[in-house]
Every structure is written in C-alpha cells, then in structure tokens.
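Protein chains: 2
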Amino acid sequence: MKGFQFAGIRAGIKKKDQKDLALIYSDSPAVAAALFTRNKVVAAPVILGREKIKKGLCRAVLVNSGNANCFTGERGIEDARACSGLVAKGLDIPEDQVLVSSTGVIGAYLPMEKFDAGIPELIQALSENHMDDFAEAILTTDTRRKMVTETGSIQGKAFSITGIAKGSGMIRPDMATMLAFVLTDAKIEKEDLTAILTAVNERTFNRITVDGDTSTNDTLLALANGKSGALIHDPESKAVFQTVLEKVCQQLSKMIVRDGEGATKLVQIIVKGAKTKEDAFKASEAIAHSNLVKTAIYGEDPNWGRITAAAGRSGARVVTEKMDLYFDDQPLVLKGQWLGPDVEKEIARLMKKEEIFITLDLNLGQETDGFWFCDFSENYVKINAEYRS
Amino acid sequence: MKGFQFAGIRAGIKKKDQKDLALIYSDSPAVAAALFTRNKVVAAPVILGREKIKKGLCRAVLVNSGNANCFTGERGIEDARACSGLVAKGLDIPEDQVLVSSTGVIGAYLPMEKFDAGIPELIQALSENHMDDFAEAILTTDTRRKMVTETGSIQGKAFSITGIAKGSGMIRPDMATMLAFVLTDAKIEKEDLTAILTAVNERTFNRITVDGDTSTNDTLLALANGKSGALIHDPESKAVFQTVLEKVCQQLSKMIVRDGEGATKLVQIIVKGAKTKEDAFKASEAIAHSNLVKTAIYGEDPNWGRITAAAGRSGARVVTEKMDLYFDDQPLVLKGQWLGPDVEKEIARLMKKEEIFITLDLNLGQETDGFWFCDFSENYVKINAEYRS
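Residue numbers (this note's numbering), protein chains in the order written: chain H, 1 to 389; chain X, 1 to 389.
Excised from the complex, chain H in its bound form:
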C-alpha cells in the first residue's frame, strides 16, 4: 500500500534469537483511531496511547515484543516516552505523532539500551516491502504471522485495507484483546474511523476467546493516509468501508484463535433462539470459555452435556426441554432429547475436522450471538507453565 513503510529487527529484547522490534512509518500524517484494553491494570504504552490518540494523527508506530512495559510505574511511562522520542528524532517527525505498543512479560522494565541501539537500525531498515518483518517482530507465543489485505471501491476509486495482528494467549473479548494494526489508503475522518472501528471490533475481536484472560496491553489501531483518493464520508461509502474492514478483522480474529496457545481446532459456537441479545451473548460466552467444553473438543468427544450445562450456568434463560444442539447441520439433541449413540458416533467423526461449527438453539426467542474459540490441549498448560523460564 502506498505511503506506508515497515521494518522488523532483532534488538535483543527477547531472550530467544527472534525479531522483537518493529516499526510502521507513514510518509504523511495519517488519520488515526484506536481502541485499548478495558483492563484496569494497563501498561505504560496504553496510558500514553490514550493521550496521544486524542489528536487523531499518527506518523509512526513502534512496537516491541518480549516486554509488556506494564506495572512499571512512572519509570515505565518515561521509558515509553523515551522510545517515541528516539523514533521522532530519527524520523524527524513530531513526537506526539509516534505511538508505541509493547507486548510480552509483565513487570519488567524496558531494556532501554536495546532501544537506543535498535531504533536507528530499525529506521534504516524501513521499506514498503518489509511488512513480513514487522508482522514477525510483534509476535510473542504466536507460531505464525497474521496479515491480511482486502480491497473495495468507492465511486470507481479502489482502496485497500491491510491488517496485521499478534495474539495467541491472554485472549478474551473485553476489548481489542491483542495487538492489531489496520492500515488503509482510504480517506476518512477521525470520528468516522473511530465509530466504524468500534462497531467492527465488537463483532470480530470482541467475539473470540482463547483462554479467558484480558491483556493489559490490548490495542487495535487504525491508520488512514488517504492516498487512494477513495473518500469515505456518506452512509453508502461508510457501509462499503465497514464491510471491507470487517472482512479484514474477522480474518485476523480467526487467525488469532487458530494460533491460540496449544490450539488444535478452531470452533464456532452460535447461540440462537435466545430471548434477548444478552442471553445469547452470555450463553455463547460461557460455552466458549468452559475448560470442560474445550478439553472435550480437544478429545474429539461430542460431550453435549458439558455444552448445555455451561449454557445452564451462564445466567441466560434456558429451558432444558427446548434446547436443540447441532454440530455442523447434524442435530445431536432435539427438544432436550439426545438422539442416541449412533448419531453421536457420526458427530464424533465430524469432530476430527480442524474446524467445528456448533449451534445451540434455545428456542425461546429471536436473538443470536456467537464466538470463535479454540480447544484446550496439554500444550496450553506447557506453554504457560514455562512462559518465563
């Protein structure tokens, strides 16, 4: 995409021999909108970011992995400020147009000497062709890069939206739930970008879960440099833009879940027929977060008792004798009646697939909601028991 350059290098912040410092540079001031974690314990870069985003303009985004710069007090804020200062100086741009993001271990101070040495090298490496490096350098326990581009057009003018994300653990729907950067060459005002980003976030990143924990650093940032000339302003163009943005964010969301720590399967739960929207949300959220459901899916066991029991404890209105449960289009329970061992064996075979679709129809109303989530394997435990060692 025209006007954006990228870099990703190894600065030595991570113990392992992996890239850990990344930069996006916009060659003109881009309109910026961002959503941050709702955790009350927030990292220094989020505290700074909330301030800086108010102006709505951004030239550069510095991201480090390996250290979250969280629970680091005043010194953490000073460190984050020093980082953006180094970027601003190196690129000769205003410091308040440099955003910083950090992800990694909580509670350690940033190793500033690595940033002193790394940032000039990073700026040297900037190129339109280095998006892969950026996408790699922001990863933590992720096993793969997460990038996607979609295009649309407004009155004959084509525009693109590219999304780059990281996220694998500490994922739950209580805000952006990871780091994600969305870049577009469309032309859009800050207020409109914020509104559309918020709506799309609610339907995508806020409907995925890996393990039910919310990060202290979650950030979803969108930059629009306007270079395509495609103007997003009237309702019709906003709808087009929102559709394309949702495609990008939906794909990134699913990539995050698919790459969930220890995950072997990607699962969608849809709860329909709920009396209220809130009931549909509560029931689907409880199922997507249940360790018992997730371990059963890992075991390829259609243990529908755990699914219905999770709905039952969720606080949503449910009536046992009204529930229908489907895997793909195959019913396993109808009106609270189990369809028997032969049907269940068939469904156990369906569960050998890598993508599993579960629908619970409460048959109490018209409302629907749903989540993408992953199964739960021994590997999740292994990854998280040994994370800092």
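Each hint should be verified, as a subset may be incorrect.
One copy or any two copies: either way a pair holds, since identical chains are not told apart in the list.
[Unchecked claim] Subject to a maximum C-alpha distance of 25 Å in a straight line, what follows is the list of computed PhoX-like cross-link-like pairs (lysine-lysine): (1) Lys-272 to Lys-40; (2) Lys-55 to Lys-335; (3) Lys-335 to Lys-40; (4) Lys-54 to Lys-254; (5) Lys-345 to Lys-16; (6) Lys-345 to Lys-382; (7) Lys-40 to Lys-322; (8) Lys-40 to Lys-275; (9) Lys-345 to Lys-15; (10) Lys-15 to Lys-272; (11) Lys-187 to Lys-157; (12) Lys-190 to Lys-322.
Honestly, the hints are just simulated from the structure, not real lab data.
Use these hints to put chain X onto chain H, whose structure you have.
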C-alpha cells in the same frame, strides 16, 4: 455416629471395576436440609430432591456415581423415582423420605437393571462401619475419599458432625459445587439447620474452584437425627454448631480442591483492602479462575503480572500504584512496585511447597474475601479430554 448406617458396592454402573452405588440409612427419621445447584440445567434427582426436601425429613439417601441422570427428560425422573421406590420398599420406609443423588456422565439414561439388582445387595451391606465404602462409591474422577468428623458440646452434651463429599472437576462457587453429605447427632429444627447450612456453604463450598464449571447435580445435604441429645436452639448453641459445621465443610472444601483434576498444589488467594465486599469477591474470583495464573502456579513461577492483570479485568476497583502482593508473608510487589529479581527468586522457592498462600492488598478499603483453588496441569486436560472414552 449412632443411628446412621452406610453401604457402598459395585453395581456395574461404571465401566471400570469400581464401587458405584451407595446408601446412607438413618434408623429414625432425621431432620433434613439441602442446597442444590443453581445451574438452570438440572439433573432429575435434583428436581425430585427439591420437592422432597420441603417436608424436611429423611430416612435414606441413595447415591450412584458413573451416571448423572441429567438431560434425561421424563424418563430420568421416572427412573429416579423408581430408585427411591426400591430403597423404600427394601427398607420398609416412606418413599418420600428417600433422597437420591447421581453424579457422572450427563445425558445417558440410568441402567435400571443395575439398580434392580444392586439395591437389595446394598441394603444387605448396611452397617455403622461401612462409611468408607459409602465414601468410595460416590467418587468419580476423585482420587481419594473425603471424610471428616468434628465434635462440639452444648451444655455438657457432646455432639458430632461427620461430612462425606465427592468432587474433583466441574467445581466452581455457584452453589454446593459437588455432592456433600453432612450427618449429625445434634437435635435441631429444619429451619435452623437450613439457615446455618446456607451460611456455612457460602463461606466454604462457595469459595472453592477447580475449573470454573458448575455441575448440574450439585447437592449439599445435612441430616440431623438428634440422638446425642445436644439441643441446638438458642443463639449460643447455634453459634457452637455453626463453628463445628464450618470446620467440617472447610476441610471437605479443601479436600475437594486438593484432589482437583490434575491438581498438584492447593492455593489460597485472599484479596483484602477492597472498597466493597463485592470488589473483594470479584477480584479474588477472577484470580482463582484465571488459567494463566493457574498454569503459572503449576510452573512454580511467581508470575505476579498475571495475578494483578486478572484483578484488573475482574470489574473490581483497583489502582495499580496501590497494590501490594504477598506470597505467604513475603511481599513481591509493594505500592505497585516490583521488589526485584532477588525477592522473586526467594518466592519462587516458596512456590515449591504444596500449599501456597497469596494475598493481594488493594489498599482501597476494609473488605476481604478469598478462594481456595488449585493449579492447572497437563493432567487436567488429559483427564477431561478422555473422560468418556
């Protein structure tokens, strides 16, 4: 304890060669109080039990493991009724004084032929000395029996309270969270027994978690046969009785957590200095349920960032710069400041113990709450992925 007899046999309900049918018999009608699961999906024995307990008298309790008799519709209720009928007939007591409890797989019908054959054998086996057999036959994924007896005295008259419980997975504080049977020879009225049981339950079984799921069958049942002559009626005697009952239930609660599926450590989290009771509850509940906290404890890693982050997302009021965090009496974070790698290494050594005590002081008020929970190992996943196979 005088007046109660027990039996536990293998009736063939479980696939494995294990005891699975159990009976308590009171030789006189005992005053009965019970608390049941708050899950909206409830098992047939709970539906029946809620009705029967209203009369407040009980002569016998039949318990089977291996099958929860849940999501079994009308047939499940008929089956549960047939079971209590068999017990009533065999013991020549009123059917409405026979309670039944089931625990095990959800969604399969009870194998009635096993009950037809097993119940007469069970009645034959009744003896004051067979409490061990009873405690063994009610287990599912538990690895050990859970029994405890405490005594007290009222105006020179000694009384005993014995508790027997099962529970290892699907444990969270949203009611009794397992099966537990409490027997006493104290003399107490139904209303008083219910009130004291409810208060004690809130402070014990409602403050433990293994995996955050709530069973469809949870039942806490208390029977008082009055044989000791110790009368619980005035405030003083009620206080004595409540203290003894709390000792019993507290020990059973800790036994359940210690025997949690895959657990290697028993952990207590206390959140103090909260602005409100609800804040203390929310923060401690979020920490006790966090998979990231639980896997870190399994890894003997004092990953305090995960603990404070869980408090931060809990909805409780927290201020990063005010938080103090202790392991045993050793601070690791004071006023939001990490005390450094040397202190952390010392605490990592503390974490090698089997019991770990964590205190988070929010320094915002006077309220305290807490939970007992366990760590989270690969074995939890293994047990639950393979549960039905």
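Worksheet item: Hint by hint, which ones does the structure fall short of?
Response: 2, 4, 10 and 12
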